[in-house]
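Participant: Take the given structure of chain A and dock chain B to it, following the hints.
For reference, the chains in residue letters:
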Amino acid sequence: MTAMTWETRHKLVISLRYTLLILISAIFIFPIVFMVVSSLKPDLQLLRDSGSLLAFVPYGDISLNNYSFAIERVPVIQFAFNSTFTTVVAVLASILLNSMAAFSFAFLRWRGKKLMLTLIIATFIVPFEVIAIPLLLVVNNLPWIGPEGLKIGWLNSYHVQIIPFIADSLGIFLFYQYFRDLPDELVEAARIDGASIRQIYTRIVMPISGPILATVAILKFLVMWNAYIWPLMVVRTEELRPIMVGLQYFFQRYTYWGEIMAYLTLVTIPVLIFYLALQRAFIESIATSGIKG
Amino acid sequence: MISAAETRKNAPLWVRLLVPKDAPLYQRNESIMGWLMAIPALLVLTLFLVIPFLMAFVMSFTNQRLVSPNPTEWVGMRNFERLLTVRLFTLEPERDESGAIVYDDKGKIAYPRLRTFTRKNPDYPELNGLRELTSWQSGENRTVVLASDVVFLRALFNTLLFAAVIAPLQGGLALLLALLLNQALPYISVFRAIYFAPVVVSMVVVSLLWRFIYDGENGLLNTLLGIASFGSFQPVDWLGNPYTAMPAMIAMSAWQAVGFHMVIWLSGLQTIPTSLYEAAGLDGAGMWQKFRYVTWPGLRNTAVLILIVIVIQATGLFVQVDVMTRGGPLDATQSVVYQAVQRGYDKQDIAEGSAISVVLFFVVLAITIVNRYLTRERETS
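From first to last, the protein sequence lines are chains A and B. Count along the first sequence from 1, add 122, and you get the number used in my numbering. Count along the second sequence from 1, add 95, and you get the number used in my numbering.
Incorrect hints may appear among the rest.
To be verified - Rough simulated footprint, nothing fancy, chain B against chain A, three-plus residues with beta-carbon under 8 Å:
hint, segment
1, 143-151
2, 190-202
3, 210-222
4, 226-240
5, 296-310
6, 340-352
As the list claims (entries may be wrong) - Chain A is faced by these chain B residues, among others (derived, beta-carbon under 8 Å):
hint, residue
7, P107
8, L108
9, W109
10, L112
11, L264
12, V296
13, I308
14, L425
15, V459
Simulated from the structure, these hints should not be mistaken for laboratory data. Computed from a predicted model, the values in this text were never measured in an experiment. The C-beta atom is built at its ideal place from N, Cα and C for all residues, glycine as well.
Chain A extracted, bound-state conformation (with noise of 0.2 Å):
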């Protein structure tokens, strides 16, 4: 100790902080790292690897053997469009009704408007869990008119999975939030100048709200993609069934574990990569959904 200079002591102290972050960041990679190796092995190398730390290394019988299979034994793909479709329809219809709202909320005047926004800051504590089973029956017996004519009932359709979540108090409130902080002049210069309250919205307000736009965006990107328990319940048929849950049919009927690997790969990569290229707009997003939600 005595020999010691802060110098090193500091260097220590700092190597022994990165050993410590770089031990913590093997817990937190490992199963992601074997789900990527295992999903290039044969079964039979798979299991006996996993008795080992065999199973973190790619060698062997490499292939993407896995991945044509599990293409061809179900339709990965109808499942990833049909993912990317009701996610891509709900964000850009939730960024317009949700935007739409909070702008009416925070620049324009008219009755009633306290109260609805109070009944929408209400509506937080429920929570989806909540409301999943009464919100069956409400769509169970909604109308739709579609090619076929007009129908009773939105089970098993592609709007039933989209329209209940492109409105949400949650993004209502971050819009209404970052409006009310933008400065007065702003909107009301433009108002002097003649312009509309549609030109306010489109031209002036909306274009610098790129930071807001993404956190809201990331968010119903995020609960659109990883839907489950909703989808669980009104798809009944493959053809529109989302990601999520055609992978819980796939391990539910077949075992073959290398498979099964490739498709959590397959769904997985995606969004990872989309998540380290706009990291830090993720981390705040969620972050912010923590703080305000």
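Facilitator: Okay, now just chain B, sitting in the frame of chain A:
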């Protein structure tokens, strides 16, 4: 010149309804636009959130089914009685003619069979149809907790246990990680990104993956523990054993979500001014003292927030149960939401599913009220 009030009196009803009382009437265009822009979102929220929420309450007093040939009827509190009836019952030992206690062939006290009381016994009408939830020895008697819906009460207990354990565990681990990362060191954001990564992975994927990790024969966890203990560790079927299934589920859920709360702690840590640490350092405070007297007081509101967020998320426990255990083994991992879906969707008994949802709502409401109470006290003190 007409005053604003007079114009208001003469204006048509719809204008009076739209324009705020204290605003001039020339703003009617603004008010119309205000309503038009808010209405799509309000409609969606009303139809798919407010109405189902109110319906949950209404239907929990009926015998509504998703599809039924018979008309729906009011049944009063029957759904709740079925879910929540609990009775204590004391079994007295069997005695022979002399009044001595009878012992069975294993040397244990013999009791009359429970079903003689709970199956249409005219002396005990209140026990009819009840089943044993749990029991314990009290002297020579045996106290039995009887319930009308054993599975639901297990589910309720498990869900509360899950929430009560995971809140301090996950919150504490998240704080440790946040403290570790709250340093201006090179590459620190890389570690933050890694710790956060499981949060963006779907719980379905995580649950399936961890089924392989927890597997009793080829599971990775048994392998790793075997290597770490030089082969002396006996493999465990983590999800197949009623004693380890729930802890395994808690550990996995914490692994998945700890990064989320780490980030919230980090933003809390960043609100503490560095000058406070410098002042404490000048006063000769050590690491622990700095944490105890500077960091922790600055994090109190964050702490309450994090506990509440974890507890409310935990009460929604569903995916892990559905994918990993289906409530088993021996109902050790049943959860409230899993039961609501089983009955409301699988059995299409919307009324019972709604009653369970209502119970869940009151649990969440109670937690929120406790939260409000705790934070209010903090503000005044």
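Participant: For every hint, state whether the structure bears it out.
Facilitator: Comparing the hints with the structure gives:
no., hint, result
1, 143-151, "holds (count 6)"
2, 190-202, "violated (count 0)"
3, 210-222, "holds (count 3)"
4, 226-240, "holds (count 8)"
5, 296-310, "violated (count 0)"
6, 340-352, "holds (count 5)"
7, P107, "14 Å, violated"
8, L108, "12 Å, violated"
9, W109, "11 Å, violated"
10, L112, "6 Å, holds"
11, L264, "14 Å, violated"
12, V296, "6 Å, holds"
13, I308, "6 Å, holds"
14, L425, "21 Å, violated"
15, V459, "6 Å, holds"
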